[in-house]
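As they're listed, the protein sequences go chains A and B.
Residues in the first sequence are numbered from 1 upward in steps of one, following UniProt numbering.
Residues in the second sequence are numbered from 1 upward in steps of one, following UniProt numbering.
Just so you know, these hints were derived from the structure itself, not from any lab.
Check each hint, because a few of them may be wrong.
In this list, chains with the same sequence are indistinguishable; a pair is considered to hold if it fits within one copy or across any two.
Straight-line alpha carbon distances no greater than 30 angstroms define the calculated DSS-like cross-link-like pairs of lysine-lysine that follow [stated by the list, open to error]:
no., residue 1, residue 2
1, 9, 121
2, 196, 148
3, 145, 196
4, 11, 121
Computed from a prediction, not measured in an experiment: that's the story for all the values here.
Number of protein chains: 2
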Amino acid sequence: MPKIVNHQKRKEQLAEAAWRVIRREGLEGLSVRRVADEAGMSLGSLRHYFDTHAELLAFSMRLVSQRVNERIEQLPFTGDARRDIEMIIAQLLPLDEQRLAEAELWLAFAGKAISDPAIRKMSLEMHDELYNGFRRMIDSLILNKLAKDGIDAEQETKELHALVDGLAVHRATFPERVREDDLMRIVSHHLNRLFKN
Amino acid sequence: MPKIVNHQKRKEQLAEAAWRVIRREGLEGLSVRRVADEAGMSLGSLRHYFDTHAELLAFSMRLVSQRVNERIEQLPFTGDARRDIEMIIAQLLPLDEQRLAEAELWLAFAGKAISDPAIRKMSLEMHDELYNGFRRMIDSLILNKLAKDGIDAEQETKELHALVDGLAVHRATFPERVREDDLMRIVSHHLNRLFKN
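Take the sequences, apply the hints, and build the full model.
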């Protein structure tokens, strides 16, 4: 493996160790020392990849979005707008262990975004990326004349975005209250109302 | 003022000082010493009201729900189901400084609920209380034959609950992205779909 690839791969392994620390102990449990321990690496070796706590945190947060985007790019799109939209949204909801981890991390970041300006800035990037994704879905429904007449793309996007994030928070935090099969059933029911009959 | 009332009032003032610390510094910034400082009280005096950090935190979390409930009980209900439901939901969304504080606190608690069992337990109580409130709204629509035929009360409740919490998170965290007047417009648009035409 070329050295540059190995370097990137090692950074991702350290970010995944950071994810485990955050999920177990919350964001305030995160320190470069804890992550080095979690990854079975010396603090000196970790410093070869991340100079500061802030760099490690920023990389770990961005890797969450990157993993979601990679999965979405690899989806077997069908050209059927309804099925394609449901496939994308399913990648954003905690429907397996990987997606549960992402939802828990997103919630930990959101919970600190108000009191921590650096986390807020990165959370806003994630928020905007998601918003833009939902907006493209709604715009494609309108463009392809699949949406009910007269729908307001901006309002519908904000509603769908809030619904999906709210469902992810509820399922990640209270799995005994919101079942896994509730998630796509509720999303699908919501989409029914946007599509022409 | 009788001593017992004074005692309760002082506890609420300390909880409000705890809210300010949590909003400014996050939940991990909370300590009995920080709250005593914030309230301009000695640590010894604070201990007269709360023995432990856990007691102070539990009281502060429960006071959030209690304040929301008090406001809802005092609403000038009209008997018009649509207007009454919108009035209640408006009390749950960050539409003024008090409600913004509540949304920020709720988000800070939710962000720690996954990694902290005590916070999780109290967050679940808040979640259930809200769920039950939304369920009563949906049930009353069905009972009064105002809802569209064939709606599933449990699924509709979960959807409305996720939508309102998602909107509260978005507005509290990214006020530059979700405007204040988006909130009730989106809720009202969603309710339109539940009501018979």
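Original post:
Should residue 145 paired with residue 196 be assigned to within, between, both, or neither, using CA atoms and 30 angstroms as the limit?
Top reply: both (8 angstroms within a copy, 25 angstroms between copies)
Subject >> Alpha-carbon proximity between residue 11 and residue 121, which holds within one copy, between copies, both or neither at 30 angstroms >> reply: within (22 angstroms within a copy, 35 angstroms between copies)
Original post:
Between the shortest in-copy and the shortest cross-copy C-alpha distance, which are at most 30 angstroms for residue 9 and residue 121: within, between, both, or neither?
Top reply: within (25 angstroms within a copy, 38 angstroms between copies)
**OP:** First find the shortest C-alpha distance between residue 196 and residue 148 inside one copy, then the shortest across copies, and answer within, between, both or neither for a cut-off of 30 angstroms.
**Re:** Classified as both: same-chain Cα gap 5 angstroms, cross-chain 17 angstroms, threshold 30 angstroms.
Every hint from the earlier list agrees with this structure, and none is contradicted.
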